[in-house]
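Visitor: Could you slot chain B onto chain A? The hints should help.
Chain order of the listed sequences is A and B.
Residues 1 to 407, numbered by my numbering, are exactly what the first sequence covers, in order.
Residues 1 to 502, numbered by my numbering, are exactly what the second sequence covers, in order.
Everything labelled a hint here was simulated from the structure, so no lab data went into it.
In this text the structure is predicted, and so the values were computed from the model without any measurement.
Backbone N, C-alpha and C fix where the C-beta goes; we use that ideal spot for every residue, glycine too.
Be a bit skeptical, because a hint or two may be false.
Said to hold, decoys possible - Here are the simulated lysine-lysine pairs, DSS-like style, with alpha carbons at most 25 angstroms apart: (1) A:K59 x B:K145; (2) B:K371 x A:K82; (3) A:K104 x B:K47; (4) B:K47 x A:K105; (5) B:K386 x B:K47; (6) A:K104 x B:K475; (7) B:K122 x B:K475; (8) B:K145 x A:K17; (9) A:K105 x A:K17; (10) B:K47 x A:K59; (11) B:K386 x A:K105; (12) A:K17 x B:K186; (13) B:K475 x B:K456.
What the hints assert, rightly or not - Here are some chain A residues the structure puts well away from chain B; computed CB gaps all over 12 angstroms: (14) E10; (15) T11; (16) R47; (17) S52; (18) K105; (19) K116; (20) S118; (21) M167; (22) K306; (23) H326; (24) L367; (25) D379.
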Amino acid sequence: MGILLTFFFETDQDSGKYSYYGIMGLRHRGYRASYAVLNGNGIEIGRINPWSEKWSLPKGYAVIAGIEPMASLGLASGNTKKVAVVSEGLCDPERVAKILASFKKIDEASSEVISKESMDSCAFVGLTSDGEFIAYRGRNGIRPLSLGGYGFESVYFATETAPITLMGGEYRHDLRPGEVVYGSRTFLESYVLEGGKRTTSLFEYIYLARPDSYVDGINVYLFRKTMGAKVARRHNSTHIDVVVGVPETALPYALGYAEERNVPLELAFVSTVGRMRTAIAPLSQEERLMALSLKLNPVPNVFEGKSIAIVDDSVVTGLTLKTVVHKLRRTQAVKEVHVIVSSPKIINACPYGVNNIDPNTLIARVLDDEKIKRALDVDDLIWLSLDDALEYLRSFGIDPCRRCMSS
Amino acid sequence: MSKFRVLIVGGGAREHALTLLVSKSRLEPRIFVVSSNINPGILRLCKSSGGKYLRGKPTNPEDVLKAAKEISPDLIIIGPEEPLFSRVTDVLRNDGFVVFGPSSRTSLIEKDKGFARNLMWKYKIPGRLRYKTFTDPEEAAEYAKASGDSVVKPARQAGGRGVRVFGETAEHLSRIAREAAATYTKRLAEMIMRKYKDIESSIIVEERVEGVEYTLMTVTDGNTLISLPVVEDHPHLYPWDLGPETGGMGSISGPSFVLPFITEEEFKESTKIVKMTIKSLLNELKEKYVGAISGQMMLTSFWGPTLIEYYARFGDPEIGNLLFMIKSDFLELLDSAARGKLSSYKLEINDNIYVVNKAIAPEGYPLEREKAKGHPISVNEGEIRKLGCEILYGGVNLVDGELLTTGSRALEIVCSSEKGFEDASALAEKAINYVSTYDGYRLIHRWDIGAHSHIKIRLRKARLARLAYTRRRAKGLLMVYDWIPGKGLVFFDYSSSKSLSS
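For reference, chain A alone in the conformation it holds in the complex (with noise of 0.2 angstroms):
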């Protein structure tokens, strides 16, 4: 999942370039991204892996990318122009580009597509050969898509606002529950259908945006510090001597647990593959295993005989929290470990495909909590409760979706 559009008004302005950050700012989400560039010659489409060493996007004043696979790219041809969409969520992208395709109007193209209410659990970009774009977020408004601009240049549309920051623009608003944008370089035009909810997947803040992003309106960062501290006003009875992040998402979170604990937060494990994703990275077990282990390789001789606070974002499989503890406790002789997890537990895979995790792989729904403290071998293991991120998001005017966080 994540999308991205560019769409610079001058026509001889390489937005392949610009794109390139975009998609930078994405690939935390994935490891295959699907392209089409709008040029002189029409649309050229690709797919490339934004972690390999050498890539880049042909050269066009307009991009639209998605990730791979939770985000999908479809093309088609209508009697006078052909038209690419990237879609995440439940819908095809394919079909919304054949039904763009089909109009000559794109405003009459997009009022036909959005009415569909098997749009509403989607967002997409599109672009047209006739040199237009558009933008839809879906009326439950699961997927967020915000809106930036690059001076005079170009305008931006990208499913969290880092990568917008990254082509050099500023972030200006998210678009709203059933809300849909269209232009070229001569108009831009949107309106808000009915019925909208904002119902922003919750696992985009738990996990899957950047620190340095907004996703629909939310400071990420502020609000994983104001989970982490607010799952530590639930656990403050226990004594702690240190508190420890698991890298890298998990790092705000702890250190809002040990702020509000007022205990000190240590770095505990050292990357030698970088900020590789292994959640998420297309590894086999063993594989992953091993990556694992090459991003947690532990620093000597810091908690020798202290009980400590180990804080983790998310817990899926267990496999991360998993080599944790047992590099921890097989290196420095810890004395007590409590897991706290700024997340409710993940007991389905997302209906809207959000993430594609096999339901029997998830640690939270296969055993209770006995069991998963005997399988990780821990003495604590502390879940955000739901309430507390709902009424946090629910303050902005969010209710989130929590499919795969409730039965």
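Guide: Same frame as chain A, now just chain B:
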């Protein structure tokens, strides 16, 4: 019937606003206009005041002089900038006419951006930016590439077109931005040299600054200078401040002389910048500046009030806002300035009023103007007036009873409210529903001008700039330092009287 005759040169939205402002005078003037297009709004005011609409080229001194001789006006008001550059004011004054508008020499402050910048450095006027001018396209391109984070403009006023900002908001983008700047600079320089033969430099490259923009329009007789209420223009074509640069898609002003995001002190400082400029012009050219001079200002983190560029005229769309803001006699204001008697004039404005002006343009403006030309427009004036709004006709021409677009902003709708910008903006939106094209061609405007979200962003940006420039001032800093490893401590001294040593 009144004896006072006024001749207005030009037939755009600015001149329509001038005509309306002047027509409210207690002198009940007969209004004459000379213009090459037929502006229906101006035409009506000419007729109802007992004046006349004359066809002629505003930039042609002979055409205008002929009109003036025919009418013998008590006052001539020059609307646009090009007639100033083509010596229309000079020719009229030579013939003994009383003219509101600067001479061709003093209007260099707008025409020649290098001249204006040099004046600011020479006389150490606050709010000056680093710049360099070029004649040779190659040399300009090379410099734009080397300097980075810059603004490239035609050195000559070119209808507000051709300005491109090459922002390096992040270092990893600098190579892309610099290459784009170099390519563009070369192309622009060649285009300017082909199009204009009346100026030496073709390109000016300036340092890029960030902040909140506003326009300060003033009227001067060369000694006294009167500031009009601050207006904020909206140069982006699209809502959310997105899209290509335009001449202005609308403007807001009120509730008094200042906007919510500009302080009284910043208003005074901005006025001081324009005053110093007028004085320096007198020093430099030994000639008084008579007419309107407007500062396109920005509140920046370095200077606070900073001058982006000068207009030797009233701003458009900015002047539209004055329709609801000026209480005292506007014709007397311009007449006193033209006669060197401004010191006795007392400007009164309507306090506690919020004014929103929205421009309506045919699709295609400004990047594909050919597409935007020749579309018949329908305006239900009666319904718009019922809402208490004013209509200003701009890029339209009355041809055989049909109102056709010329490719630029076609008209402006100005509405006011005592309740706030949102309310005035909502009125304007209602009014805009009464404007359409007969051929179904798309018209564009910005719904977000005057929106609360918009003001909030400005307030935040202004607050950040204010924190930064007041801190800088408290430390008395007029130097910018930079540490370049291997090269050492480099600095740029803004207190020197030269922009760049080269």
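Visitor: Each hint needs a verdict: does it hold in this structure or not?
Guide: Here's how the hints hold up against the structure:
This hinted pair checks out: K59 (chain A) and K145 (chain B) have alpha carbons roughly 21 angstroms apart, not beyond 25 angstroms. Annotation: proposed proximity of K371 (chain B) to K82 (chain A) holds, straight-line Cα distance about 23 angstroms (limit 25 angstroms). For the given pair, K104 (chain A) sits about 46 angstroms from K47 (chain B) by alpha-carbon distance, which is inconsistent with the 25 angstroms threshold. Proposed proximity of K47 (chain B) and K105 (chain A) is contradicted: the alpha carbons are some 43 angstroms apart, above 25 angstroms.
With a C-alpha separation of about 22 angstroms, the suggested pairing of K386 (chain B) with K47 (chain B) holds against the 25 angstroms cut-off. For the given pair, K104 (chain A) sits about 61 angstroms from K475 (chain B) by alpha-carbon distance, which is inconsistent with the 25 angstroms threshold. Taking the CA atoms of K122 (chain B) and K475 (chain B), the gap is near 24 angstroms; set against the 25 angstroms cutoff, the hint holds. Note on K145 (chain B) and K17 (chain A): the hinted pairing holds, with a Cα-Cα distance of about 17 angstroms set against a maximum of 25 angstroms.
For a cut-off of 25 angstroms, the pair hint linking K105 (chain A) to K17 (chain A) is broken: about 30 angstroms separates their Cα positions. Pair hint K47 (chain B) plus K59 (chain A) does not hold up; C-alpha atoms about 57 angstroms apart against a cutoff of 25 angstroms. Of the supplied pair hints, the one linking K386 (chain B) and K105 (chain A) is violated, its CA atoms being roughly 34 angstroms apart against a limit of 25 angstroms. Straight-line distance between C-alpha atoms of K17 (chain A) and K186 (chain B) comes to about 21 angstroms, which keeps the hinted pair within the 25 angstroms bound.
Distance restraint check for K475 (chain B) and K456 (chain B): the Cα-Cα separation of roughly 29 angstroms exceeds the 25 angstroms cut-off, and the hinted pair is therefore not satisfied. For E10 (chain A), the requirement that its beta carbon stay farther than 12 angstroms from each beta carbon of chain B is not met, with the minimum near 8 angstroms. T11 (chain A), annotated as away from the interface, has a beta carbon of chain B within 12 angstroms; the closest lies near 10 angstroms. With a least CB separation of 23 angstroms from chain B, R47 (chain A) remains clear of the 12 angstroms interface cut-off, as annotated.
Every CB of chain B lies more than 12 angstroms from the CB of S52 (chain A), the least distance being 18 angstroms, so the non-interface label holds. Not every CB of chain B lies more than 12 angstroms from the CB of K105 (chain A), the least distance being 10 angstroms, so the non-interface label is violated. Even its closest Cβ contact with chain B, about 25 angstroms, leaves K116 (chain A) beyond 12 angstroms, as expected for a residue assigned away from the interface. Listed as outside the interface, S118 (chain A) is consistent with that label: its C-beta sits roughly 29 angstroms from the nearest C-beta of chain B, beyond the 12 angstroms cut-off.
M167 (chain A), annotated as away from the interface, has a beta carbon of chain B within 12 angstroms; the closest lies near 8 angstroms. With a least CB separation of 41 angstroms from chain B, K306 (chain A) remains clear of the 12 angstroms interface cut-off, as annotated. The non-interface label for H326 (chain A) is consistent with chain B: the shortest C-beta to C-beta separation is roughly 38 angstroms, beyond 12 angstroms. With a least beta-carbon separation of about 45 angstroms from chain B, L367 (chain A) lies farther than 12 angstroms from that chain, consistent with its non-interface assignment.
The beta carbon of D379 (chain A) is kept farther than 12 angstroms from every beta carbon of chain B, the shortest such distance being approximately 45 angstroms.
Checked against the numbered hints above, the structure breaks hints 3, 4, 6, 9, 10, 11, 13, 14, 15, 18, 21 and satisfies the rest.
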